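There are 2 protein chains.
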Amino acid sequence: MNYSSVDIKEKFNLFAETWSPKIIGEMNDYYIKLVKIKDHFTWHRHEETDEVFIVYKGNMRIYFRDGSVDLCEGQMYIIPKNIEHKPYAEKECEMMLFEPKTTLNTGNVNDKFTKEKLDWI
Amino acid sequence: MNYSSVDIKEKFNLFAETWSPKIIGEMNDYYIKLVKIKDHFTWHRHEETDEVFIVYKGNMRIYFRDGSVDLCEGQMYIIPKNIEHKPYAEKECEMMLFEPKTTLNTGNVNDKFTKEKLDWI
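Sequence order for the protein chains is A and B. Under my numbering, think of the first position of the first sequence as 254, with each following residue one higher. Under my numbering, think of the first position of the second sequence as 254, with each following residue one higher.
Please note that a few of the clues may not be correct.
Copies of the same chain look alike in the list, so a pair counts if it works inside one copy or between any two.
In silico EDC-like cross-links for lysine to aspartate or glutamate, where the CA-CA straight-line distance does not exceed 16 Å [claimed, not checked]:
1) 334 <-> 279
2) 368 <-> 260
3) 291 <-> 326
By construction, these hints were calculated from the structure, which means they are not laboratory data. The structure presented is a predicted model; accordingly, all values stated were derived computationally and were not measured.
Please construct the entire structure, taking both the sequences and the accompanying hints into account.
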């Protein structure tokens, strides 16, 4: 049988748009996603789930209502459910996400950033 | 409030032993783990869950009963539940794992590699 790996760097080369998570794998009820981000996202929270952010390339900041955390390449932050947050990147940043399949990118908010349907790459 | 990130490289520097996954984060009912591997592991399968392997540094191979897949730095493989597999690395390899909290490293097998209790680092 033929088995093939998923190359994360190659997957990042397949898209350019920001704030549009792409699915690269599924595990039980979860997706592994890649996303490129730049500038400010929308304030939101996920009422049903925690959310894993891992920075693959670049730098980003997660704003909370009472503080913030800066992440650079190879750093991870797990946002607890129900905590309002707003991702931000001054320059383009590449991130990996682990989230339930049902997670909406803008959580409890529906606005211009909302992506109801994500593509597999 | 003070928020702090998890630095994956720094976490790998905190331990040396192979085949002993360390927990670096939790998300819902899942753990994010780091593990160093070298030589052959035991054949096993996970009856209840898929398993995400991401190579952080080095190279490794996953043997299946009917083939194998080679992973290098930045590559991912998701092992479907119930599929028998055996990780192997010729030289030391550093990996990130994403698994349910209840997952035992040797799955359906209990042998010298089995780690019932994992440490947080």
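Structure-based check of all given hints:
1. 334 <-> 279: Answer is between; shortest inter-copy Cα gap is 12 Å, intra-copy 21 Å.
2. 368 <-> 260: neither (24 Å within a copy, 29 Å between copies)
3. 291 <-> 326: The answer is within: 15 Å in one copy meets 16 Å, while 26 Å across copies does not.
Hint violations for this structure: number 2 only, all remaining hints satisfied.
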